Amino acid sequence: MSTQPSRDALSGSEALARVLRDHPPAPDDLARARMEKRLLGAERAIEKRAPARTARTLIVAGGALALAAAVALAVLAASEDPSAPVARFERREATASIERGTLEEGSSLRTAGDEVADIAIADSRVRIEGASRVRIAGLARDRVALELDEGTVEVAFHPRERGSERMTVETPDARVEVVGTVFRVTASGGATEVSVSEGTVRVVPRSGGEPRLVHAGDSTRVAREVVERVEAVTPSAGEELGGGDTAGAEVAAVEPAIAEPAIAEPAIAEPAIAEPEDVEREAPAPASTPAERLAEARRLIDAGRAPAALRILRELTAPSVPLAVRVESWTLMGDVHHNAGRLHDAAGAYESAAREGRGTRAGHNAIYMLARLQHRRLGDHDAARASYARYLEEAPGGALASQVRRALCALDVTEHCAPSPP
Amino acid sequence: MTGERVGNARPAERLRDVAAMASGRFTAIQGGLDEDGALLRAAAAGEERAVRALYRDHVDRVYRCVARILGAHDPDVEDVVQQVFLAALDGARSFDGRSKVSTWIVGIATRRALDASRSRWRRSRWAKVSEWVGLGRPAAAPDAQLDALGVAEAVLAGLSPEQRTVFFLHSVEGYTFKEIEEMTGTGISTLHARLKAARTRIDAALAERASDGEPR
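Quick mapping for you: the protein sequence lines, in order, are chains E and A.
For the first sequence, the numbering used here assigns the number 1 to the initial residue and increments by one for each residue that follows.
For the second sequence, the numbering used here assigns the number 1 to the initial residue and increments by one for each residue that follows.
None of these hints come from the bench; they were simulated from the model.
As the structure is a computational prediction, the values presented were derived from the model and not from experiment.
Be aware that a few hints might be false.
[Stated by the list, open to error] Residues of chain E clear of chain A, computed beta-carbon distances all greater than 10 angstroms:
1) Val-19
2) Ser-288
3) Glu-292
4) Ala-318
5) Gly-341
6) Gly-348
7) Ala-401
[Stated by the list, open to error] Covered stretches of chain E, going by a simulated chain A footprint (3 or more residues, C-beta under 8 angstroms):
8) 20-31
9) 303-316
[To be verified] Partner residues are not named here, just some residues of chain E that face chain A (Cβ under 8 angstroms, in silico):
10) Ser-11
11) Ser-13
12) Ala-17
13) Met-35
Beta carbons: idealized from backbone N, C-alpha and C, even for Gly.
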């Protein structure tokens, strides 16, 4: 093979360098688009780090633009506080931009039948389709709220700190709660339809019906009186979780969503391009046991396909799945989140594994993983001490007990600084 | 799309675009910062077109660096690339123009990838357990052994993150030791030592594979 490292003329390391030089790793088009979208999605955070004077200038200028657009936009209320958060919008007809500006909390935006509007709110991108009316009910970074009176919105919500940021879309029929996902809500004709492209949303019918978790690939229709499942591309165990866990608890915490990077343009200008995983996901899944599904998740992780693995692992945390598999799934989810830098998600998953696996070796290991995460990555030493101590409490003779004691010693819990028992 | 036009335009045309992006809020262009520097500042100010242009100008180089240090098939490569660009935008004010923007960004990529690589043992708890009991890293997939690139990547993976970094930056990418020193904050003598160790290790690994009859 011509590219084979050879020491005929060059040393081994030189030949190896040449091979590496001749075959540079490069992202494919999908990865390129995915990374670009994610980067642009963080743009607003960068703006917030600009000098305060610049930010104020922008806000004032944006406010003026919003005022100029008042005839078309029916701004219903406006805060005079210059530090109040604002949403940026662009209203377009066909491909031509016809209005740009800012919207403040309490503002409303209405689009004509042939118009669309894109709004950037905190960590969300919202496309308002034609013949829609939306009110910006909340603009705080940790809670964005939209009220969709009529029409359709498509939302891409990718918070930087999952769990600390929430978004809701309220319609006359239902409230849709998310922590990170891409979804579409249509309110029309006395019903609301929610379809999810990425992650998971929770739909709470105003009629008092059971809240539902809607996962990627699924959609749900909420009529005034009933919740009707109209489409299910992939049966999901999470649905059972949602119903069981949230019945009667309208404002319960939202099930953490698994939001994979989306490919669509940041302004949601085009439909998302299906990733290879998505194509595979929509193929009929062969019937398999939880253990086989777990093995499949492991294989996907090893192949670097963490999002696909996470989808399986989430299913495997359903109460109907055997405990050992469930604990293992939570732990693997923790590993995946950990490796992706989603440290708080990882901590949550390890905690779930520890809780569900209490009294088992897997549960003890999960406590250890949690403690290591808190210690080494999160730098939360108090939490780490507590978790290490929890390990020793539950498994004083556990396989990792000596390491736990060393860690506690390093964290100034001096009673553990004596030599470990053999 | 206008963002694409910025990324693909001729330099003078793009500079005008960049100036337009900055909307008068930065004086970098008039003040002597070069085109790349001005683009960086405009991107850091949140100008979407500038962010796109900066990303498209540098993503291949950043990706290559991160993938070589972490491993070409590492699932975290994209995340680290993302972190690199965010760090670049976040730290644009610290860019003083003494080096090229590309070198500066590769420096960020190197440090980020090294950080991730050093914590690679956390990748899987199974890998962790293996390391704890001294079993070393898992073997590469069999099909990865079949071609020269697979061998090269496997041998590269056998180096320490620090050795891998200096070998990649110097021997593969052609950066000078001075540039690598600026990127990594590691002294030149240490870089020399690491490169020598890396080469020794590579030669030994290739010799071992040759003696085992594996393709090199």
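Hints, verified against the model:
no.	hint	result
1	Val-19	violated, 4 angstroms
2	Ser-288	holds, 21 angstroms
3	Glu-292	holds, 18 angstroms
4	Ala-318	holds, 22 angstroms
5	Gly-341	violated, 6 angstroms
6	Gly-348	holds, 17 angstroms
7	Ala-401	holds, 13 angstroms
8	20-31	holds (count 8)
9	303-316	holds (count 3)
10	Ser-11	holds, 6 angstroms
11	Ser-13	holds, 4 angstroms
12	Ala-17	holds, 4 angstroms
13	Met-35	holds, 6 angstroms
In summary, the numbered hints that this structure violates are 1 and 5.
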